[in-house]
Amino acid sequence: MTVSFLLNGKSVSLDVPPNKRLVDVLREDFHLEGARPGCYAGECGACTVFVNGELTHSCLVPVFAAQDTDIITYEGLADTQEMKYILAGFDAVHYHPCANCRQSRLLTAYALLTTHPVPERREIDAFFSGHRCGCSSMGELYTAIEQAVDMRRRSGRHGRR
Amino acid sequence: MAAASERINVFRPRTLADLLSLKRRKPDVSLFAGGTYILQNDTGKYPELLPAIASIRHLDELKRIHRTERYIELGCCVSLAEINRIGGETIPDVLIQAIRSIGSPPVRSLATIGGNICARDKRLTLFPVLLLLDTRVELREHGGSRWASLTRLVDAEGNLHISETEILTRLRIPLVDWNYQYHRRLSAGPVSDRWSLSFCGIASTNRGILTDFRCIFGSMGKVLLRNREIEAELVSRKVPLLERDLSAIYRDFEAYVKESAPSMLSPFQVGMAGKMIRWFLASLGA
Ligand SMILES: Cc1cc2nc3c(=O)[nH]c(=O)nc-3n(C[C@H](O)[C@H](O)[C@H](O)COP(=O)(O)OP(=O)(O)OC[C@H]3O[C@@H](n4cnc5c(N)ncnc54)[C@H](O)[C@@H]3O)c2cc1C
Ligand code: FES
Ligand code: FES
Chain A
0 MTVSFLLNGK SVSLDVPPNK RLVDVLREDF HLEGARPGCY AGECGACTVF VNGELTHSCL
60 VPVFAAQDTD IITYEGLADT QEMKYILAGF DAVHYHPCAN CRQSRLLTAY ALLTTHPVPE
120 RREIDAFFSG HRCGCSSMGE LYTAIEQAVD MRRRSGRHGR R
Chain B
0 MAAASERINV FRPRTLADLL SLKRRKPDVS LFAGGTYILQ NDTGKYPELL PAIASIRHLD
60 ELKRIHRTER YIELGCCVSL AEINRIGGET IPDVLIQAIR SIGSPPVRSL ATIGGNICAR
120 DKRLTLFPVL LLLDTRVELR EHGGSRWASL TRLVDAEGNL HISETEILTR LRIPLVDWNY
180 QYHRRLSAGP VSDRWSLSFC GIASTNRGIL TDFRCIFGSM GKVLLRNREI EAELVSRKVP
240 LLERDLSAIY RDFEAYVKES APSMLSPFQV GMAGKMIRWF LASLGA
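In order, the protein sequences belong to chains A and B.
FYI, numbering that gives the first Met the number 0 numbers position 130 of the first sequence as 129, with every residue one higher than the one before it.
FYI, numbering that gives the first Met the number 0 numbers position 52 of the second sequence as 51, with every residue one higher than the one before it.
Same shape as in the complex, but just chain A (with noise of 0.2 Å):
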C-alpha cells in the first residue's frame, strides 16, 4: 500500500506492506539508522521516535497507521542547538549509553528539557521509563541530564522555570 507522511520536515511516500513496522521503515527504506529494532514490544525503548509531537515506540507501529502523521527521527533535531547542550552535557560527564540505546536516549532527553527545562529527579524518570537499560545506572542519567542543563545555562538560555 501507499503510505505517506511526514518526515524529519519532509512530505515523503512510499509503497510499503502495511504490516511493516515503522522502525523497520525508517532504517530500511530511509536510511534513518538512529532508532533501532531491540526487542519489537515496546519495551526497550532503542526505536523512540517523535510521532505528531509525542515520544512514540516505533516498533508498535505498523506502518499504515503513520499515515498522514508528522514524524522526527534523532537525525531531524541532531543539528538543532538544544541537541548540542545535551551530547556536550552527556560527554562532559562520560554519559555513554550503548550504541544500540544512545539516539532514541538523547531523543529522550530533548523531549524531556524541552517540556521541563530544569527537571527534577521524578520527570526524569517518568521520561526514561520507557528505556530499559543493563549497562548503566539511573544515577548516571541524572548527572548527564544535570549537566546538559547546566551547559545550557551557562550559555545564557535559560529554561523557564
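Bear in mind the hints are in silico, worked out from the structure with no lab data behind them.
Check each hint, because a few of them may be wrong.
Now the in silico label distances, taken between C-beta atoms and shown as ranges [claimed, not checked]:
{"id": "1", "chain 1": "A", "residue 1": "Phe-29", "chain 2": "B", "residue 2": "Ala-51", "range": "25 to 35 Å"}
{"id": "2", "chain 1": "B", "residue 1": "Thr-210", "chain 2": "A", "residue 2": "Ser-12", "range": "57 to 67 Å"}
{"id": "3", "chain 1": "A", "residue 1": "Asn-51", "chain 2": "B", "residue 2": "Thr-150", "range": "29 to 39 Å"}
{"id": "4", "chain 1": "B", "residue 1": "His-141", "chain 2": "A", "residue 2": "Asp-149", "range": "54 to 64 Å"}
{"id": "5", "chain 1": "A", "residue 1": "Arg-131", "chain 2": "B", "residue 2": "Ser-162", "range": "37 to 47 Å"}
{"id": "6", "chain 1": "A", "residue 1": "Gly-52", "chain 2": "B", "residue 2": "Gly-87", "range": "14 to 24 Å"}
{"id": "7", "chain 1": "B", "residue 1": "Thr-42", "chain 2": "A", "residue 2": "Asp-69", "range": "19 to 29 Å"}
According to the in silico footprint, chain B covers these stretches of chain A (three or more CB under 8 Å from chain B) [stated by the list, open to error]:
{"id": "8", "region": "12-20"}
{"id": "9", "region": "41-53"}
Don't be surprised by glycine CBs; every beta carbon is placed ideally from N, CA and C.
Given chain A, put chain B with the ligands in place with the hints provided.
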C-alpha cells in the same frame, strides 16, 4: 512467523459515519486503535495482523473530550497520554493513577482508552477502575446506538458483551468528590507485572461516617473480584474503623477471594489482596 503482506486490507474511514457503514458492509473488519494491545505479544519482524483492518485513531470525532459539572465524556480514541495530561484535577485521580501504571509514556501516547476496554480475552487495567466509577459507554453500529454501564457489559465469567458489529464510541465518567482514591498494582514477583493483580479502592466520608465505599481487584484475566455485600455492610459505619472490624472484614474478604478465584491467585496474591483492603480501610478517616 508472519511475513510482509500486501494482502492485508487496511481501511481508513474519513468519518465515524464512514466507519459505521464500513462495519455494516464488512462486519469482519477489525478495529485498530492504538494497536498496542494487538501488537504486544507479537515480536516478529512483521506483525501478524488480521486480513481486514480499520484504522480509527485519526478520527477526530472519536477523540473529543467534553466536560460538564456532572461528568466527563471521553471519545474512545483519546490516548492514555492525553488523559494523563488532563490530570487528576479534572478526571478522577484513581483513573490517572491507573493510567500511570500502564507501560511507559511512548506506549501511552499510542494506547487509547477504548482499546483498553474492548480487549476481548482480558479485562485490562482500566476496566475495573472505570467500572467502580460507574462509567457508561456508548456503543454504535450502523443505524443504532445504545448506552450501557460497564457493569452490564460483563457477565460473571468476565466475558464482554459488545457485539462484533458494535463500536465503542464514547465513555461517560461521573464526577463525584471521592475523598479517598487509590490504585495499586500488586506485582506477582520480579517478572513483568503487566498482568499482575491490581487493586482499586474509592470511598467518601462525611463527618466521620463512611458514606460510600467500593473496591475491586482486576487485571489477572477476565474475572473481576468485587463483593458488594462487604461494601454495603461498611457504609454508614464510623471511621476510623475499629481494629476488630478491620480484622473481621479482612477475614471475610480473604474467604471471598479464596472461594471466587481459587485457581487464579497464588496464596501470596491472596495475602497481598487482604492486606491491601485492610490498609485502605484503615486509612479512611485516619
Ligand atoms: C509495553 C506495554 C505494556 C503494557 N502494559 C499494560 C498494562 O499494564 N495494562 C494494560 O491494561 N494494558 C497494557 N498494555 C496494553 C495496551 O497498551 C493498553 O491496554 C491499551 O490501552 C490498549 O489500547 P489500544 O488503543 O492500543 O488498543 P488496540 O490494540 O488498538 O485494540 C485492542 C482491542 O480492542 C478493539 N478495539 C479498539 N478500539 C475499539 C473501539 N472503539 N470499539 C470496539 N473495539 C475496539 C480492537 O479491535 C482490539 O481487539 C501494554 C502494552 C505494551 C506494549
Ligand atoms: S524495539 Fe521498540 S521498544 Fe524495543
Ligand atoms: S544504554 Fe543501552 S542497554 Fe544501557
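Violated constraints from the hint list, given by number and in increasing order: Per hint list: zero violations.
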